[in-house]
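Novice: Chains A and B, in that order, give the protein sequences.
For reference, each letter of the first sequence is one residue, going 167 to 532 in this note's numbering.
For reference, each letter of the second sequence is one residue, going 167 to 532 in this note's numbering.
Keep in mind that a hint or two might mislead.
Copies of the same chain are indistinguishable here, so a pair counts whether it falls within one copy or spans any two.
[To be verified] Under the rule of at most 16 Å between Cα atoms (straight-line distance), these lysine to aspartate or glutamate pairs were calculated in the EDC-like manner:
1) Lys436 - Glu310
2) Lys436 - Asp309
3) Lys436 - Glu486
4) Lys436 - Glu421
Note that these hints are calculated values from the structure, not bench results.
Protein chains: 2
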Amino acid sequence: MSRRVLPSSQLTIDLARLRHNHQIVRQAAGSVPVAAMVKANGYGLGAAEVSAALAADGCTEFFVAHVGEGIPVRAAVPDAKIHVLNGAMPGTEPDLIAHNLVPVLNSLEQIDLWRTSASGAGRPLGATVHFDTGMSRLGLAADETAELLNDPARLDGLAVGHVMSHLASADVAGSNQPAGQLELFAPIRARFPNATASLANSAGIFLGSAYHFDMGRPGIALYGGTPLTDGSNPMAQVVTLEAPIVQVRNVAPGEHIGYGATHTMDRAGKVATVALGYADGFLRSSSGRGTGYVGGHAIPIIGRVSMDLITLDVSDVPEEALWLGAPVELIGDQAPIDDVASRAGSIANELLTDLGTRYQRVYVNE
Amino acid sequence: MSRRVLPSSQLTIDLARLRHNHQIVRQAAGSVPVAAMVKANGYGLGAAEVSAALAADGCTEFFVAHVGEGIPVRAAVPDAKIHVLNGAMPGTEPDLIAHNLVPVLNSLEQIDLWRTSASGAGRPLGATVHFDTGMSRLGLAADETAELLNDPARLDGLAVGHVMSHLASADVAGSNQPAGQLELFAPIRARFPNATASLANSAGIFLGSAYHFDMGRPGIALYGGTPLTDGSNPMAQVVTLEAPIVQVRNVAPGEHIGYGATHTMDRAGKVATVALGYADGFLRSSSGRGTGYVGGHAIPIIGRVSMDLITLDVSDVPEEALWLGAPVELIGDQAPIDDVASRAGSIANELLTDLGTRYQRVYVNE
Numbered sequence: 167m168s169r170r171v172l173p174s175s176q177l178t179i180d181l182a183r184l185r186h187n188h189q190i191v192r193q194a195a196g197s198v199p200v201a202a203m204v205k206a207n208g209y210g211l212g213a214a215e216v217s218a219a220l221a222a223d224g225c226t227e228f229f230v231a232h233v234g235e236g237i238p239v240r241a242a243v244p245d246a247k248i249h250v251l252n253g254a255m256p257g258t259e260p261d262l263i264a265h266n267l268v269p270v271l272n273s274l275e276q277i278d279l280w281r282t283s284a285s286g287a288g289r290p291l292g293a294t295v296h297f298d299t300g301m302s303r304l305g306l307a308a309d310e311t312a313e314l315l316n317d318p319a320r321l322d323g324l325a326v327g328h329v330m331s332h333l334a335s336a337d338v339a340g341s342n343q344p345a346g347q348l349e350l351f352a353p354i355r356a357r358f359p360n361a362t363a364s365l366a367n368s369a370g371i372f373l374g375s376a377y378h379f380d381m382g383r384p385g386i387a388l389y390g391g392t393p394l395t396d397g398s399n400p401m402a403q404v405v406t407l408e409a410p411i412v413q414v415r416n417v418a419p420g421e422h423i424g425y426g427a428t429h430t431m432d433r434a435g436k437v438a439t440v441a442l443g444y445a446d447g448f449l450r451s452s453s454g455r456g457t458g459y460v461g462g463h464a465i466p467i468i469g470r471v472s473m474d475l476i477t478l479d480v481s482d483v484p485e486e487a488l489w490l491g492a493p494v495e496l497i498g499d500q501a502p503i504d505d506v507a508s509r510a511g512s513i514a515n516e517l518l519t520d521l522g523t524r525y526q527r528v529y530v531n532e
Numbered sequence: 167m168s169r170r171v172l173p174s175s176q177l178t179i180d181l182a183r184l185r186h187n188h189q190i191v192r193q194a195a196g197s198v199p200v201a202a203m204v205k206a207n208g209y210g211l212g213a214a215e216v217s218a219a220l221a222a223d224g225c226t227e228f229f230v231a232h233v234g235e236g237i238p239v240r241a242a243v244p245d246a247k248i249h250v251l252n253g254a255m256p257g258t259e260p261d262l263i264a265h266n267l268v269p270v271l272n273s274l275e276q277i278d279l280w281r282t283s284a285s286g287a288g289r290p291l292g293a294t295v296h297f298d299t300g301m302s303r304l305g306l307a308a309d310e311t312a313e314l315l316n317d318p319a320r321l322d323g324l325a326v327g328h329v330m331s332h333l334a335s336a337d338v339a340g341s342n343q344p345a346g347q348l349e350l351f352a353p354i355r356a357r358f359p360n361a362t363a364s365l366a367n368s369a370g371i372f373l374g375s376a377y378h379f380d381m382g383r384p385g386i387a388l389y390g391g392t393p394l395t396d397g398s399n400p401m402a403q404v405v406t407l408e409a410p411i412v413q414v415r416n417v418a419p420g421e422h423i424g425y426g427a428t429h430t431m432d433r434a435g436k437v438a439t440v441a442l443g444y445a446d447g448f449l450r451s452s453s454g455r456g457t458g459y460v461g462g463h464a465i466p467i468i469g470r471v472s473m474d475l476i477t478l479d480v481s482d483v484p485e486e487a488l489w490l491g492a493p494v495e496l497i498g499d500q501a502p503i504d505d506v507a508s509r510a511g512s513i514a515n516e517l518l519t520d521l522g523t524r525y526q527r528v529y530v531n532e
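Bound conformation, chain A alone:
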């Protein structure tokens, strides 16, 4: 076995697996295309790289949250349609227009703001309209929806190409909320016969064709998180996160490990300290609850996750698998993102979007 040595932590992003996931989601979406969520820097994996890979795989529409996120995506996919979920915020209109970004209009106030921009531009401006159907977060509320449907002239001057809503509980097994949202959205959607429509996020796509309308909007499934609620996962792991061993020490029974002495050794053993911490986005709530892998051996995280370091029990690992700079897998095929997140009391979305900036980032299979 060659002794692979990492000078610092490494994040490997497998673009072939990303494209594989794209195809699985497309298949689940049946006859309709899917638009990729690439907000939050492509779920932490690099919005430009992810967008370009998906565009090369046939994806033609993308969603970001902020105008500032849309600009680098536009550079990566010059011909794609890019929606901005936060919509037209005061002061962002020039950038929306300059970079050909389509705001998702979430309220009558945003509709009016964008109409004013269209009037100033002297031409119809593209728009997506978001209707809330039970999430109570973004999108026209019931009262505003009624007002708009009674006064469609409020959209004059805008080219509404897409209407959407968002499912709150598609990932909650047995929830009746998706069906309720579907029932509310269908008649609204019918009022926009010239626009395409979408409702389903990753989990929603797998709820079946009733939820597909004209487009799916997958996010986490593309990046390897499961869209299913039965505990299985048809997606490939896209991310591998490895951190080097900085030190291995012998510890005696009764010795304490880490801040607050939260872990005490119950036998003589060995502890490995690895160069990765919560400042790298590895959630502190993983303290004493996670597992790493070195040379194929599972090694439990013991003690608190600290800012730049974690400590793992390597008592049962042979000496020859431990060396200065040896890579420890914290996320990957042995430690899928859903499992790592769940052990920290969170979800894969937070795990990925918290990934920090101190890694060496490596893209493979471009």
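Chain B: place on chain A using the hints.
Specialist: Coordinates of chain B only, in the frame set by chain A:
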């Protein structure tokens, strides 16, 4: 009242308050100087900006975790001494030498590696040696410490300018662990009469002069987190985090808010959606537990923190304090970092180092 409008979230870093905290810590450290922890990008606030501000305020030594972090700090403070906590990792020696960074040697293996570098360089290389005294994370373990003290020639060729250890429980009220670590460190330190020595982090400095040796090593206290265990905080808040309102909606009793419908309105009211989420480092564990402030009104976070958005109950806030783009304070004088972190089940260190990259960053009082 002028209607201040934010197009996107804004992180304001007050460098006068940073310098104020530096002076408070210096005062607590009495006659010895302090070295600033600027690892993890200066606790998320910008290592270059923070280092330059502290150097201008008299700070001459700095600590980072990784070699890669030392390089921009070197550019910001050309004359300072910069220690690298992870020490000499295989492959990083050329950068350590080129940028005049001092590795903190944590093991006999790292000592041997750095000696080899010194031999190759043909001159003594600067080094800090870290002895573990109960943290069991980084630093020579008891067996390695004994071995080194019995064979000091192992350090030949190295210019050991500093020796250190690290307190595991200085922030745990009533812990007897610091006193035990002090007792172990004092005789080790005595074996290096030509080196300076340090033991105390922020909380350790406030434990009293026995812990001061020749230098304090404050981190979180500089950035506004309390170094005290009695619930009080003598430090100034350095960071203000504000996010704009994207939408305000009317909600009826019984309406659900956000993913998983975890919050249900018990009365008619209003919900504000704000452009900030866990992708911005605002921990998802704040779901349903945090508080924001708009126009001086406290507004509880309701429902789940999502990737790019949070929802807050603004039912009791007058209409005139709510507008598209209105700034909501999530961290600041009204929401100190320790309180915000504690509500999320975490600590200020994680809150700051998780701060994302989508903010407009503004430095004031440079």
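Novice: Tell me, please, which holds for Lys436 and Glu421 at an alpha-carbon limit of 16 Å: within, between, both or neither?
Specialist: Close inside one copy (11 Å), not across copies (53 Å); limit 16 Å.
Novice: If the cut is 16 Å between Cα atoms, do Lys436 and Asp309 qualify within a copy, between copies, both or neither?
Specialist: between (63 Å within a copy, 12 Å between copies)
Novice: For the identical chains here, do Lys436 and Glu486 meet the 16 Å Cα criterion within one copy, between copies, both, or neither?
Specialist: within (13 Å within a copy, 62 Å between copies)
Novice: Have a look at Lys436 and Glu310 and pick one of within, between, both or neither, based on CA distance no larger than 16 Å.
Specialist: Close across copies (13 Å), not inside one copy (63 Å); limit 16 Å.
The structure agrees with every numbered hint stated previously.
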